[in-house]
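*Asks:* The listed protein sequences correspond, in order, to chains A and B.
Oh and the first sequence: position 142 is 141 in numbering that gives the first Met the number 0, straight run, nothing missing.
Oh and the second sequence: position 2 is 1 in numbering that gives the first Met the number 0, straight run, nothing missing.
Because the hints were derived from the structure by calculation, they are not lab data.
Cross-link-like lysine-lysine pairs, in silico, DSS-like; alpha carbons within 27 Å at most: (1) B/LYS8 to A/LYS107; (2) A/LYS107 to B/LYS16; (3) B/LYS16 to A/LYS154; (4) A/LYS156 to A/LYS93; (5) B/LYS16 to A/LYS103; (6) B/LYS8 to A/LYS117; (7) A/LYS117 to A/LYS154; (8) A/LYS93 to B/LYS8; (9) A/LYS156 to B/LYS8; (10) A/LYS7 to B/LYS16; (11) A/LYS154 to B/LYS8; (12) A/LYS117 to B/LYS16; (13) B/LYS16 to A/LYS93.
Only a predicted model underlies this, so the values are computations on that prediction, with no experimental measurement involved.
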Amino acid sequence: MNTEPIWKSWFARHGAKLLLFARQQARNPHDAEDLVQEAFVRIWRLYGHTGEVAPGLVYRQVRRLAIDWARSLDRRKVREQKVVAESPLHESFKFSLEQDERQKAILKVVDRLPPEQKEVLTLKIWGELTFDEIGRTLDLSLNTVASRYRYALQKLKDWLPAELDDRPQEGKKVQK
Amino acid sequence: MNEFEDIEKELQSLQPKPPTDAFTARVADALGDSGDVSFRRISPEVLKPKNKSKKLLLFLPPALAIAASLVWMFFILPSHSFWDSPVLDAEKIEMQPDGPLLATIEEDAASPLHGVSLEELEAHSGVPTNGWLDPQVQQRLIHQVDEGLIRRPGFAPGRQVRYHYLDETLWMHPTSNTRIISTTPRQEVLILEVDLY
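Pulled out of the complex, with its shape left as it was, chain A reads as follows (with noise of 0.2 Å):
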């Protein structure tokens, strides 16, 4: 009988989810990866002879070690690995190419949501949370997540027309 660790298909099911809620914790995809695997390797090392882990407490851990690691870092380094880092969310994600355009312009619309508002809603759509489980880990009340996903969508839906307009035209500044 063949078998396989039961951390590969976990992290195949969630190791996407929590890079990207990572990247909008440390603002670099190479401190993102490091935060993921040091999240994940200490709460598998916990929890992992259960056979399962709730996803939950891995984005959890991403979050407190963030903020450890932002404090221990100067205030020099995070000002410039903020300038090397910026980098577009539609880079985390993959596309299909009749959409491409349209996807793009929603993650850029995302992309400019408040740090806030952008991360309820990455971890409500794409980490598949639940408001109660975002309330715990991001340290806030349910009534405050559930408020901050509302304004995020709202701004979405406001500010996608507008940014659909505006792509084309920036198509034709390039071919210029």
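Model the placement of chain B on the given structure of chain A, informed by the hints.
*Replies:* Relative to the frame of chain A, chain B by itself:
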């Protein structure tokens, strides 16, 4: 309907890039032995690449044979002359004379076999029918398999655990020193609720 349903659906349709193989390998290294504490079984069917063309070749000859038989049955046979012969004429079928179809069977209420009395049973089997002790039933757990997390529509996810048992029943007849053991394999599947947080 939720006013943000469309935008939510559109966002959900976007899929983040999966971790690279190099990153997964790095995580495996970092996990070390902790990664090997829990395993799941993979069915051989999942591992084997499905070879459809091979299967098709395997089933082609029997399928052709069945098709040929059907053609013969429905198109060639009806046109044949013997099909119209009066052999099947209902009038020529002789009816069996009325009479008892089944011999009268005396039932023995104590016998476990229909139409066989306890004496007959004892004579034929060589096993005494009286003097048996109450059967002893034993349930033996052979092994348990953790089949991992399953999703249940409308419920919280659960962990599926499959238990393999052997149910043994032992009948003893002390006078003749006869023992009969019946062993039946049985599986039991338990779904344990998983605490999401």
